[in-house]
Each structure stands twice: as structure tokens, then as C-alpha cells.
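Q: In case you want the letters, here they are:
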Amino acid sequence: DQQVKQNSPSLSVQEGRISILNCDYTNSMFDYFLWYKKYPAEGPTFLISISSIKDKNEDGRFTVFLNKSAKHLSLHIVPSQPGDSAVYFCAASALGAGSYQLTFGKGTKLSVIP
Amino acid sequence: NAGVMQNPRHLVRRRGQEARLRCSPMKGHSHVYWYRQLPEEGLKFMVYLQKENIIDESGMPKERFSAEFPKEGPSILRIQQVVRGDSAAYFCASSPADRPYEQYFGPGTRLTVT
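Residue numbers (the working numbering), protein chains in the order written: chain F, 1 to 114; chain W, 115 to 228.
Excised from the complex, chain F in its bound form (with noise of 0.2 Å):
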């Protein structure tokens, strides 16, 4: 059973746009979630994360909104690069149950075209 769907295995974007990354979730527990960015043959990168005491946080080009009733969180790429082009996961925590152990999607691959 998984607890963070990631449904869209794969997105193109035109550099310059807007990508929009989605992801939900099941668990209630779940109360923080980051967003990974990873290239082939390499580890994930940490991104951005947010807590489920707030609705949405900004990074740069990278913002991640949270909505707890739809159980649902997006990543948003304002302009979107060639090198953005990866797979992204979502990921959540219990950390109010004491639990540390991230929960990761299966990843969307965002390509982004010059």
C-alpha cells in the first residue's frame, strides 16, 4: 500500500515555465515533507521541505504548497532550467510519532526543453 503517490511518472516543460510537481499522501501521521531532486547514478539531492503546521514555503525558483485536507502537496519551479531536468521525489515524515524514516513517492521525471 502506498503512502506517497507520485501519479505523474513523467513531465515536459518549456525552460522558462512553470513545472508543477504533485504528490499525496494517505497517512495522517504524516507531518513533514521535503522534496528530492535526483540525477542518474547519483543520490537525492534535498530540495525544499515543509511542515504541516504551514501551507506553503519558498526557496528561490522553488516553492512547495501543502493542503492537509486534500492531503495533497505540489513543488512549483519558477522559471524551469535544461538543468532542472531530473527525477523528482516527494517524501514524508511522522516526526510527531517519533518517526524519522522518510516515505518516498516513486519519483515524476521533469525534462525541461531548451
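None of these hints come from the bench; they were simulated from the model. Check the hints yourself; a few may be wrong.
To be verified - DSS-like, lysine-lysine: derived pairs with alpha carbons at most 30 Å apart: (1) Lys-54(F) to Lys-158(W); (2) Lys-106(F) to Lys-176(W); (3) Lys-176(W) to Lys-68(F); (4) Lys-109(F) to Lys-158(W); (5) Lys-71(F) to Lys-185(W).
From a predicted model like this one, the values you see are computed outputs, not experimental measurements.
Use these hints to put chain W onto chain F, whose structure you have.
A: Showing chain W alone in chain F's frame:
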């Protein structure tokens, strides 16, 4: 500041042999996590360790797998009597003690069982 180090990067073992994967956390980090990624899947949590202690091993297979994080030296993930299904990328992450949810990943070890 060096990141999380993992070695070897690639490991080939025949069925029945043992695999030892090493992880050196980032300087100043005392928490180590191991994750496994099967082809076309997200990362799956295996085990969470602090120095000389296993804190959460809920993701570890019950047999053949073990992990340690000794007082001195790297963390070791050990797989005994490997089978083809153990072929995967194994990632280590570390975090500082005061922010255990901020996990930084190493480049991974790709294990191939022939």
C-alpha cells in the same frame, strides 16, 4: 565540508556471497539511515542508527540483513548469502542530531548479484 561518503560505488557479488556496504556520515552528523531503491521504485527505508545503537529497523528484512554504526568508523550494511532480488541501489543518509528530519544522501552503492 565533505558530504556523505559511500563505498564501494558498485559491487558485484555471486549468489550466496556476502556484501558489505559502507557509509561515512557528514561531519558533525550522528544519525545514519539506510534506504534501498529497486528499479522503477522510490527509495524504501531500511534502518535508522545512532552511534552504537539501532533506533528503528522496521524496514529491514528479517533474515540475512544487518546494520551497525560503531563508535569509531563508518556505518556498515551487511547482506549475507545474497540473492538476485537483493540487486538494487543502496543509499545512506545522515542528519544532525538536532534536525533528524534533514537527511542528506550519499551517492549510493549499486549492488548487482549474478
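Q: With reference to the structure, classify each hint as holding or not holding.
A: Hints versus structure:
| no. | hint | in the structure |
| --- | --- | --- |
| 1 | Lys-54(F) to Lys-158(W) | holds, 26 Å |
| 2 | Lys-106(F) to Lys-176(W) | holds, 24 Å |
| 3 | Lys-176(W) to Lys-68(F) | violated, 35 Å |
| 4 | Lys-109(F) to Lys-158(W) | holds, 18 Å |
| 5 | Lys-71(F) to Lys-185(W) | violated, 40 Å |
Checked against the numbered hints given earlier, this structure breaks hints 3, 5; the rest are met.
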